[in-house]
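Participant: Given next are the chains, with one letter for each unit.
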Amino acid sequence: MATLSVDGRRVEVADDATILDAVRAAGVELPTLCHFDGLEPWGGCRLCVVDMWQQGWDEDWFKMVTACNHPVADGMRVLTHSERVLETRAVVLDLLLARCPHTPLIRRLAAEHGIDETSFVPNEEPTDCILCGLCTRVCDHIGVSAISSVGRGWGREIAPPFDEPPPDCIGCLACAEVCPTDCIPYETSNVTRTIWGRTFEMLRDPVTGEGMITRAQAEHFATSSGVPASYFERSDAVKRRQLAGAFAALQAATVEEGGS
Amino acid sequence: MRIESRADFAAAQTAARERNAARRQQVLVCCGTGCLASGSKKVAEAFSAEIAARGLDAEVGTFVKTTGCHGFCERGPLVVLQPLGILYTRVKPGQVPRIVEETLIGGEVVPHMLYKNPVNGERVEQYGDVPFYAHQVRVAMRNIGRIDPTDISDALAEGAYEGLARALFDLTPEQVLEEVAVSGQRGRGGAGFNTARKWRSCRDAEGERRFVLCNGDEGDPGAFKDRSIMEGDPHSVLEGMVIGAYAVGAHEGTIYVRDEYPLAVVNLSIAIDQARQHGLLGVNIMGTGFDFDVSISRGGGAFVCGESSALMRSLEGKTGEPRAKYVHSTAKGLFDAPTVLNNVETWAGIGAILAHGGAWFAAMGTDRSKGTKAFSLVGKVKNTGLVELPMGTTLRHIIYDIGGGVAGDRPFKAVQTGGPSGGCIPEQLLDLPVDFEKLTEAGSMMGSGGMIVMDDRTCMVDVARYFLAFLTEESCGKCVPCREGLTQMLQIFDDLCQGRGRPGDLERIERLARAMQLGSLCELGKSAPNPVLSTLRYFRSEYEAHINDRACPAGICRELTAYEISPDVCDGCHVCFTSCPVDAITGTVKELHTIHHDACISCGACFDVCPTGAIRTFPKVELEKEAV
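Line order of the protein sequences matches chains A and B.
Read left to right, the first sequence gives residues 0 to 259 (numbering that gives the first Met the number 0).
Read left to right, the second sequence gives residues 0 to 627 (numbering that gives the first Met the number 0).
It is worth saying that the hints were derived from the structure and are not from the lab.
Idealized CB from N, CA, C, for every residue including glycine.
Please note that the accuracy of each hint is not assured.
Estimated spans, in silico, between C-beta atoms of each pair [unchecked claim]:
1. A:Glu116 to B:Ala190: 52 to 62 angstroms
2. B:Gly300 to A:Leu172: 29 to 39 angstroms
3. B:Ala190 to A:Thr126: 31 to 41 angstroms
4. A:Gly142 to B:Asp203: 28 to 38 angstroms
5. A:Ser223 to B:Gly158: 31 to 41 angstroms
6. A:Leu85 to B:Pro580: 44 to 54 angstroms
7. A:Gly142 to B:Lys324: 23 to 33 angstroms
8. B:Lys331 to A:Trp56: 21 to 31 angstroms
9. B:Ser200 to A:His80: 25 to 35 angstroms
If you want the footprint, here are the derived chain A segments under chain B, 3+ residues with CB under 8 angstroms [as the list claims (entries may be wrong)]:
10. 52-58
11. 113-120
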């Protein structure tokens, strides 16, 4: 275990924890946009910057680092709200607000840092995409990598290969679900689902007729897990009902056996 | 022949030297990229043909050798005749028969083809007496221009792989590390991290596999030292890498080369093949049982891939983007294995350090920056080219004694060092001794050793805008401060240069610059504001003039600048009339000429060609005042 001080609060975390883990354990709020528990930290949005001091350093010398991907060390001191941290975070939000002047999440975060309108030149083509990379990273994590970031710098964007419907997409919606600004559009019904310009057939629950999962996703999971694709077509409610039925039959048989 | 022992190595070296000694006359034709572009290939062919036709090769042992970059690209194609030591510059194929006749056969110099010192107008006969070369001390570039980079025997004759032989036969890996530690060598790629400390932390890290990498992704505008080393002496890079691999215990290595450096890729590939055939690379190197092999990886043209973590991602086949380096790549680098990544020039110096000893290297340079450093000297300087000098040499010495001073003898204004991450150093700091610390203190940095000299016809706001535009284009876009910050910063600078500057712009620039320095993910983003901050530090009044007076004091920013002809100076030579691309100048020969402001696009072409200096600039805003 490592013992840290976060804004003066003592906190103990595992040795392989990140500063963000420690900050959260201390009950201190720290904004993040590109972080998602379960995905490898990325450090792109720079909102979680903190001032950090480690043992052996000059007493008043702090280094600014991102909390999400910096490992903890015993005796570390973390300041989440020093003047320069707040200023850097405010400029980052000011810049994001210029990029996404109408995006509710960004407007709210900026307002929390005292910014109602950007001091920079607002984007002529407003977008909701903050390029946090969560969609592409979750897609990689699932083992599909159907979308990626393309271009660089100001021209960077998230897109399928050649801006065409991505052949590797399985229509799982993970990208849309993980998007903090909800800017990946999709349509889904009991019959079909459309995302990234591709339309997928839905596997429907044989009992309720509810569209559960795309066939492509069920096949992907079946291949990677060995569980038959048909398992994924049943809804949780139906699976529970079937399980309950199986248990009831088992119980009845046991009672019968015990009675004889 | 495969070298399997120390005796084999000595024999190979002796054989190579004997072969070279039989070549009693050598014509060294520079075939670096610069000289190739000015036609040196044809010059070399002309020499071969002429020498063969006259039978000199058989009779005298005259030999034509194509070499790597001599550094003096400004004066190319360059030809050096040995053993006379005569340097001819800007040689054309048509001049070759005369050189062969008069110099090679007659032993006489052809005076008008010698280099003319622009400072005193005198012709210089000897290669070593040309001021550009006389002051240099070459370590990393020790063999460039002397050897044919595609002939390993030539390299062996000049002492290549001697450092490796000493390391493998006489020293333990630990002793190699100590020798490098004694040298005090620091990384030549920009950050200046201590080489031995880097190697040691890789050696001490846990891991089955280890990698040794070479960064040849030199991308700073105006920098070409790494290209010249890879093209001109690829064996120095390979030798350094094998020594490094031996010290840290690695068996795999890769050289990451910009795809824009095709000749470097070709020469490196040839060198790798020849080194393998000679048992200097691959399995059982020099019969010592040590294995290490090198591959080449060609970059895809992204500036950011010169950043170490992005370079490793690129090698892994992923998008070349930096990642946080809170865990150093010496512990978790390529494929999460302990990795040493050094710059081309760093590797090129290692063989010499092992051959001559760390103390020899440490005797050169300053207290904390040891040895020599290669610089690409470019811009408004008389002698542009590649130079290598001891650390601590002053800027004034580099620019005036080696560079020959400012082109056209115009006033010096600033020198930009360190590429887009560096800064502009003004005239009052010309006596600054150049080393890692001093450049950083001055608000610039060593970077890749690029030096761009600027004269009075340079607007420092425009210079900062140029580097911002470059970085905006090259930012990978992963982190917000760099991606969005550069775009906004460039927008402010476009406004400044086009007369739309507003009060408060300088404060906005400084606030944004500080957030980028503190908040960006990688060093490229953190250092991106340096050109802005250093020009703001030394040339603040120029910024203020752009905002407050809508004037560009240097008369460069087109939207702010108008041109006129001084009636008392113009002699009616008509040259400006001919140069104007938009017919905005009227006048007849021997009469006063006039610039018409309604048609003039402020391109400055007339200014540059006017032989009498009759054309002057003034703020365009004065025209508007007159109109009112």
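Participant: State for each hint whether it applies.
Facilitator: Outcome of the hint check:
no.: 1; hint: A:Glu116 to B:Ala190: 52 to 62 angstroms; in the structure: violated (39 angstroms)
no.: 2; hint: B:Gly300 to A:Leu172: 29 to 39 angstroms; in the structure: holds (35 angstroms)
no.: 3; hint: B:Ala190 to A:Thr126: 31 to 41 angstroms; in the structure: holds (35 angstroms)
no.: 4; hint: A:Gly142 to B:Asp203: 28 to 38 angstroms; in the structure: holds (35 angstroms)
no.: 5; hint: A:Ser223 to B:Gly158: 31 to 41 angstroms; in the structure: violated (57 angstroms)
no.: 6; hint: A:Leu85 to B:Pro580: 44 to 54 angstroms; in the structure: holds (52 angstroms)
no.: 7; hint: A:Gly142 to B:Lys324: 23 to 33 angstroms; in the structure: holds (27 angstroms)
no.: 8; hint: B:Lys331 to A:Trp56: 21 to 31 angstroms; in the structure: holds (22 angstroms)
no.: 9; hint: B:Ser200 to A:His80: 25 to 35 angstroms; in the structure: holds (34 angstroms)
no.: 10; hint: 52-58; in the structure: violated (count 0)
no.: 11; hint: 113-120; in the structure: holds (count 3)
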